[in-house]
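Peer 1: Since the structure of chain U is provided, determine the placement of chain E on it from the hints.
Each chain, letter by letter, is given below.
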Amino acid sequence: MGQAQTSNRRMIWTIGGGKGGSGKSFITVNLGICLSRLGIQVLLIDADLGGANLHTFLGISPPALSLSDFIKKRVSHLHDVLIPTSVPNLQLLTGAQDLLNAADAKSVQKRKLARSIQGLEGDIILVDLGAGNSVSVLDFFLMSDGGILVVTPEPTSIENTYRFLKSAFYRRLKQSVSSAAVKALIDDAMDRKNERGIQTPYDLAQAAMRMDEDDARRMVEEAGTFHPNLILNQVRSKKDIEIGFSIRSACLKYFGMHLHYLGYVVYDQDVSHSIRRRRPLVLENPRSRAAQCVMEIASKLAGRH
Amino acid sequence: MKAIKDQTYYEILEVSPAATSKEIQKAYERAKETFHVDSVAIYSLYSEKEVKEIEEAVEEAYRILMDESSRRSYDQTHSRTLGEQPPEKPSETQVASREKRAPLSFTDLSFHAEMKRYRGSELKQLRERMGLELQTLSKETKISLKILESLEEESFDKLPALVYLKGFLKSYAQCLGLDPQKVVEGYLESMGESKNK
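Residue numbers (the working numbering), protein chains in the order written: chain U, 178 to 482; chain E, 386 to 582.
Be aware that a few hints might be false.
[To be verified] To spell it out: a stretch of chain E is covered by chain U in this simulated footprint if at least three of its residues, at any positions, have a beta carbon under 8 Å from a beta carbon of chain U; those stretches are:
1. 387-396
2. 423-430
3. 440-446
These are computed hints drawn from the structure, not numbers from a lab.
Note that beta-carbon positions come from the ideal geometry of N, C-alpha and C, so glycine has one too.
One chain only, chain E, in its complex shape:
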């Protein structure tokens, strides 16, 4: 039982101090989905002012934890609250193998904020925030580098037929821990808008 102002950034996002960028991203999107004034899930529990306070805390926590140097400095200054030693972040390989081994359970259902569009630039930004190299993504998804680049740069004329594009977008989303359906819908929507311009 803690006031939001007394919670650590990890507590605000409900992740462990050893959370990966991918886990933080997921937790952030879940928190955004939960804490907003029109959220059914918190109906009648919080006042508008309290919701705003949580929203701000979530944004702040996300901003700090997704930036490697800010996070390191936060961990150092809060080492007593977080535990004696600042958490050691697992390597990318460890994370990948851990995630591959974990079976999909009920609690693994992904949550993602209402993002009407997933533009290529936004996907690129998310990928970079997670510290995921395009080459690694290409290896994981078995999608060629050229296609991934076209996808992020929105070079629509260089993209494959729609049926293949959907498959690529799904793989891309899965690798980033995003909701494949929302990414496909969001990307195609922004693609349609660009073509109509």
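Isolated chain U, as found in the complex:
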């Protein structure tokens, strides 16, 4: 996942983060609508293979075709599964809500899905990832032009986010090195109780340096090019907003990575009202405070496109 490009090419943004209920789907749908209203062709992809419900956020009944039809080879092209929405410039690819074991789809199928997503047409593709740190979720997150973490200002959400970030970070480092011994070292480092006493990415780089200097250098370079993004959701105070800046600072000190704080969305009762009505907030109540926050984030993303 490199830094977001500024050229006018198709971009893929994945929306993830460790914790369920942090608002990933709400943000994906509403960001998608805001971007499409700016004249950008947007595709929403529900890659939460175990709990897809972007269609519900959009007020659409479960469509006849979904990702599971592609995974099960009932359709040969991913674009055959795309459905239009009532919002101009916005299409949806629904998740595998009818397939109980879709989350366990074989990794080869998931890789094929990732490749097919990269081949889709559109200006911006927003991929809503499921919760958790499974390898497939991490790979989806890493394949994109920009991974967006959605976090709420609570210890549980922050803890899961760091766990997710650490997993994605180490996986990315592992992909960047060539020596089998260093790859094994990175695997060991994932366990905080590892016998080598590696606690931080810095310890890992030092240990790698003793094994293979080139790989160690590659790891440090890779850390410097990893620029995930952060959206803080359900903030209730100025102090909550500041947590985003503190997370950015902590990531720089701990991982040596530059996390980009994209923005925040305030806690707003209108959000839950809009979800209950199955009407996206930015359409239902565009003047609400939360909708204004989403619009601001969307304009930043549009600026990067």
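Peer 2: Showing chain E alone in chain U's frame:
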């Protein structure tokens, strides 16, 4: 990816080697807000020992960089790490005009450590550390010298009515790059306590 012990004081506070005292003060307060054992933002990321190590490094960096002569000598001894030439500090006028021109952006939201009270003496100390003369502050804020002196000396009987005092405190805080709300609340709290004694 560097251990905290290998980072320069500028890296620890996440400021440029050309940072002004005001920028260092802000960065220090942000770091204090971020790195303490009860901070939600670093929950589960660091051990208590690691947090203590960062806290100590932040204090040390702040102590050296806020003292003009210590900073100069640090810059000279670390010129290779910081760049070939020790950074040239911008003049007060340059800084003031740069800060006035810069629009308030999302990232400019100020962060300030939990300081329960902002006593007059503390405000004075902060101002002096930033090398800001009382006359300059008076010019910038359009608050008379007498009022500023009373404010810093906590001569509460010489201060204006509460509504005006709040406005003055806000202007004072803004000029120092502090959070106006926290300064007003902190100052009034300490004023209330003194009056109750």
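Peer 1: Compare the structure with each hint and give your call.
Peer 2: Each hint tested on the structure:
1. 387-396: Satisfied; 3 residues make the cut.
2. 423-430: holds (count 7)
3. 440-446: Contact hint for the segment 440-446 of chain E vs chain U: violated, 0 residues under 8 Å.
Violated hints amount to a single one, hint 3; each of the other numbered hints is respected by the structure.
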